[in-house]
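Put together the whole structure using the sequences plus the hints.
Taken in order, these protein sequences are the chains called A and B. Numbering follows our numbering, with no gaps: position 147 of the first sequence is 147. Numbering follows our numbering, with no gaps: position 190 of the second sequence is 190.
None of these hints come from the bench; they were simulated from the model. Among the hints, erroneous ones may be present.
[Said to hold, decoys possible] The calculated lysine-lysine pairs, modelled on PhoX-like cross-linking and capped at a C-alpha distance of 25 angstroms, are:
1) A:265 x B:112
2) B:254 x B:265
3) B:265 x A:112
4) A:254 x A:265
Take a look at the letters that make up each chain.
There are 2 protein chains.
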Amino acid sequence: MSAPGPLSLNTATVRDQWSLAQAIEGCARHGIPGISPWRDKVAELGLAQSARHIRDAGLFVSGLCRGGMFPAADAAGRRAAIDDNLRAIDEAHALQANCLVVLGGGLPPGSKDLPGARNMFHDGLAAVLPAARAAGVTIALEPLHPMTCADRSVLSTLGQALDLCDEFGDGVGIALDVYHVWWDPQLEAQVARAGKRISAFHVCDWLVPTTDLVFDRGMPGDGVIDIPGIRAMAEAAGYNGPCELELLSHRWWKEDPEQVLTRAKTAHATAC
Amino acid sequence: MSAPGPLSLNTATVRDQWSLAQAIEGCARHGIPGISPWRDKVAELGLAQSARHIRDAGLFVSGLCRGGMFPAADAAGRRAAIDDNLRAIDEAHALQANCLVVLGGGLPPGSKDLPGARNMFHDGLAAVLPAARAAGVTIALEPLHPMTCADRSVLSTLGQALDLCDEFGDGVGIALDVYHVWWDPQLEAQVARAGKRISAFHVCDWLVPTTDLVFDRGMPGDGVIDIPGIRAMAEAAGYNGPCELELLSHRWWKEDPEQVLTRAKTAHATAC
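The following block contains the structure:
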């Protein structure tokens, strides 16, 4: 099997240890060629300074995390989410990011109307897409694991995300995160359907047991996901981009970040 | 909207508080007309005694939990699972249960071969189905939430379960548990597809936040699932059977079981 695409470090992997400047310098020091910053880290450093620092370090930007989160309890909340996404599109453009990763968002507080929340996501996406196209920023829809449906992501499956891609066409792709989709009985069929629309490939692993619904992800190789198998599906569909490590984990956030990056490089070489 | 079907108490709801005999007497005392015992509780009381006690109390049996769990690391393990399912079929027959609830089981220890585990489930089901048909016991396939895929259920969606129903035909139905399927973008379409094959309808609720992947379910009304909406889908598909409360919860297992049954009756009347 071929080697995985170049490693990119999602800054969430060292969320509690490092600022964006430290993560940029860490990647450069470790020979990790890509980075995917979160917007709060970009805001801390400043957008222009972030773009300059990343460029000076010679890193590519595999994605900017994150936009989306369109469902809200009222029209003002939905408008605020759209405005925030317009800012995120500008930021992704300034950072020359491969894509803006867009998440579903959860049910509005107190709501049990899941189809309604999904409609809000649809309408929010429609509202920001012209700006994304004008800026040349690809929107990468990232379905999250169904266990996050209530409070983080009403975008639950690859099939659902691809229905949106089909509807909206140009400028909308998929962020394929093995952690969120590995369980899907339709995985192989939907990855094939995605084809060239796969705009990002994220890795981490499913631990047994998993003790937290959000922050207990594992380093590739430490869990049960057949990551090379899913990568092969993505490559068969036409993906040949970076392999981004996004590891949200209270355990890994307590580790020395130098060790995290060393382990990440080994995991990338041997378990992805 | 119509009232829900008659309430049945899955004994897992009072797992830590009550024996099967106590649960039977509790249902009778509270005017709960149905029960769904777990096999370990039946084994403690004895099969013949369990059947007699349930019959004497005038309860119907909405299901027996649980069979399935066919994936195993080696042929001996798979054979043992099949043998155990043959015993479960005999027990379901003796208890005059509406169905035997059948779960997927997780990945064999150390395995990352999810398609392989799903094939093991398929083959195990094929092996026990003739005995189920001969005994007149309906196999109710219960897809569990994808967050249980690694260690409990490689049967992850209604669509996947219905593909098996389509393949195997007579004697195989669905146990529709709102907790496990509420997030599914294909829910309405797949419930309609299930039609008369819905053999059981289980309720509990998704809490926000959820703090445990297995044992943090909520009483109907305490979470975000639109339970009446899903019941309406099931009824539109032709289901008119019991409404079974299956609440696995470390929190509720600490409560006075008399209070649990009182709350269950209210939840059944107002939130299902």
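Now the hints, each set against the structure:
1. Between residue 265 (chain A) and residue 112 (chain B) the alpha-carbon distance is near 22 angstroms, which keeps this suggested pair within the 25 angstroms criterion.
2. Taken as a hint, the residue 254 (chain B) and residue 265 (chain B) pair is honoured in the structure, with Cα atoms around 18 angstroms apart against an allowance of 25 angstroms.
3. Our distance criterion of 25 angstroms between C-alpha atoms is met by residue 265 (chain B) and residue 112 (chain A), whose separation comes to about 22 angstroms.
4. A C-alpha spacing of about 18 angstroms is found between residue 254 (chain A) and residue 265 (chain A), which places the hinted pair at or below 25 angstroms, so the restraint holds.
Going through the hint list in order, the structure satisfies each hint without exception.
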